[in-house]
Amino acid sequence: MSHASGAHAVHAAPTGFIWKYIFSLDHKVIGIQYYLLALTAVWTGMILSLYMRLRLAWPSAELPLMGGIMTPEQYIAMVTMHGTIMVFFVLTTAPMGGFGNYILPIQIGALDMAFPLLNMLSFWVTFVAFIVMLSAFFVTGGAPTSGWTGYPPLSAVGEVAGPGLGLGQTLWIVSIALFCVGALLGALNFITTTLDLRTKGMTLMRMPLTVWSWFITSILGLLAFGVLLAAGVLLLMDRVAGTSFFIPGGLVISEQIISHKGGSPLLWQHLFWFFGHPEVYIAILPGMGAVSHILSTFARKPVFGYKAMVLAMSSIGAVGFMVWGHHMFISGMSPYTAIAFSVLTLSIGIPSAIKTFNWLGTLIGGKIRLHTPMLYSLGFVSLFVTGGLSGIFLGQPSLDLYLHDTYFVVAHFHMVMGVAAIFGIFAASHFWFPKMFGRMMSEPLGKIHFWVTFIGVYAIFMPMHYMGIAGHPRRYAETSGVEYLGALQPLHVIITIAVIVVIAVQFVFLFNFIWSLFRGEKASINPWESTTLEWTVPSPPPHDNFGGKLPVVYHGPYEYSVPGASADFIMQTSTEKVPDHH
Amino acid sequence: MSTFEAERSTASVWDGGVSPFSIPSKKLGMWLFIISDALTFSGLLIAYSYLRVASDDWPLPFHFYPSIVVSSIMTFALLSSSLTMVFAVASAQKGRTSAAIGWLWATIACGMAFLLLHANEWLNLIHEGLRPFENPWGTPIFGATFFTITGLHMLHVTIGVVLLAVISIGHKSGRYTADHVEISGLYWHFVDLVWMFVFPLIYLMSVPLE
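Order-wise, the sequence lines are chains A and B. Numbers in the working numbering are just positions in the first sequence, counted from 1, shifted up by 38. Numbers in the working numbering are just positions in the second sequence, counted from 1, shifted up by 16.
Some hints here could point you the wrong way.
[As the list claims (entries may be wrong)] Cβ-Cβ distance ranges computed for the label pairs, FRET-style:
(1) H143(B) to F55(A): 48 to 58 Å
(2) E100(A) to H143(B): 54 to 64 Å
(3) L398(A) to F37(B): 32 to 42 Å
(4) F55(A) to L220(B): 57 to 67 Å
(5) G106(A) to L209(B): 54 to 64 Å
(6) I85(A) to H143(B): 47 to 57 Å
(7) S189(B) to T187(A): 28 to 38 Å
In case anyone wonders, no lab produced these hints; they're calculated from the structure. Cβ atoms here follow ideal geometry from the backbone N, Cα and C, with glycine treated the same way.
Please model the entire structure based on the sequences and the hints provided.
Shown next, in the form of structure tokens:
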């Protein structure tokens, strides 16, 4: 039985607005839908962070929509919703659901994803999850206050524990469970597509590193979200069916004795972080893939150590499942267990360093073109190194005992999985915008946006390292009354000013995005002189991507500056003979 | 062209243009779903074991009769259904449609028997005072884990019964091929396999040993 091209999902181009743009089965439309969902989510999350920063810098200021001065409960609700929205609906959604959906099938020469209907369902389940999450703001008691990690007993005992822990928390966990379902369906679809729908000649080792990163990310998602779903079901049972999976006996909350007994809050931490640690790689790996791809394109050089890159990403993914305990060093863990988790955690530094040095190796001696996507990719490398180095501190139990739950942790994960991943998204946005929308984004605006954002995020997060070392705990709305933290207040003001500047410059990105959609310079088929399959089709590509004729691949994805070749790049579909050069 | 043709001579199934596992994408998709669903059940069973080990008053309420006898009959029904499912797939692949449909309905019947016996079991236990949040015998976690894990498994069996009915009707009309029968069989065997973990962990380990 042959499944050659018969395995390709073929469906007719839809007609009518609803089937074309709302319930579309086309991976390109679904990709844009995911991207716009993430764009909405990132602005929501960003406004929440602005509120938090204003509260921290000027504790007595009255903020709009807060009904006066923001209460500590409102502040921690902002922390929770900022974290949840950013991690799930931005960092997981944009790189995978957005760019993965749009670009992966084209880059491997497929007409669509393997399961177009499932793809559409994944998006709409994710969309409903987002609406449910937002609705937590508007119910009695407001948004939940248990942090994006939803630690019980706080998240499990109900509204007796405070505002936001009633219906708001229930909506939160329902949203997370829905998101898990959407993410699982998506992961299953991506893996099948990558394995089954590669066109002729697209061997595994000819796949662009972007495809590798989406593929590995999908495997992580398939294995991780199933466990979060289990944990979510148990937490939901605790909240609505009266069970006590995560609630120990004898708790006294708000001067009431809780009738629950027999459960273990630590169980949630194990289940959550078994998902949670792979999740940070789910956020960053697609960025690594896109950055490797873009660095090579704009340095006009093959990626240094392609195989090493693939192996490094795979081992980061594999070891990522064995390090969840490093989030729990202060949870009463045996020191021997902690050492095991610590050694495994630090060993992730090896593939991470391989990747970093390979990125630098790709750049050395290149004919570098400093276009906006390249700037963002260089920014990504910088942020990844900065954030990664502080991870080496936190991965050691003895240091983590002190640094845990301080601003040092906030600085670390924002640098490495927050801002670095966002820079990956920015790089990808500028790089693929011409393909997705047929027009170029403005280079001058992109550069202004890059430099202010790049310097701005360092201004925001570098001081947080010092605050953490000085012992400043996170998740506190204000520190007045704590004598040793009083001296740090000016740093809060400086950080907040940097935040205001960085948020202001995001309007430049938004303006650039919208203006370029309509007024940008028309994009050619291959404006960046790149080699992969998406640059062989019109911008934007037709409904079936390749106009009815599947491409055949003859080359690896990074044939730049090949000696003796007719141009400084060789398309993957080119039949030009290449001397064996590496 | 020559570069490509030279490579083709040493081509592997991983070189693109074919499905490397020589199975339809739908079947691969089902395998991947089974992997993720197995992780979900693993999470629940690990939670169960964790809580049980941490508890000092875990009840052992399942006496030989009726609980173990009935749950053994349930296990037998589910195991038999896997056998009939194998016959259904084999018949479908040989093109013997009516035999395949017969075996599918035998599978559905076994699944229904399992569900009815299980529902009866739940009702008995509820009658004896078992709730997700309390029970007369020991830690309330017992009921919580019992209802959550067996409930999720029952949900899977129910979905399986509906799926098999849909596939059976579709197979008769020619809408669903032998591949579809096989794919639904993968799901059915998986649900059966999950029970092979649930049965000893939840039932057999909660038998009082005098």
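These are the hints, each one checked on the structure:
Between H143(B) and F55(A) the CB atoms are about 56 Å apart, so this pair conforms to the stated range of 48 to 58 Å. Roughly 59 Å separates the CB atoms of E100(A) and H143(B), a value that falls within the hinted 54 to 64 Å. Between L398(A) and F37(B) the beta carbons are some 38 Å apart, a value that agrees with the proposed interval 32 to 42 Å. A beta carbon spacing of about 58 Å between F55(A) and L220(B) agrees with the range 57 to 67 Å that was offered as a hint.
Distance hint for G106(A) and L209(B): a CB-CB separation of about 58 Å, consistent with the stated range 54 to 64 Å. For I85(A) and H143(B), the hinted distance range of 47 to 57 Å is satisfied, since their beta carbons lie about 54 Å from each other. In this structure, S189(B) and T187(A) break the distance hint of 28 to 38 Å, their C-beta atoms being roughly 50 Å apart.
Consistency with the previously given hints fails for number 7 only.
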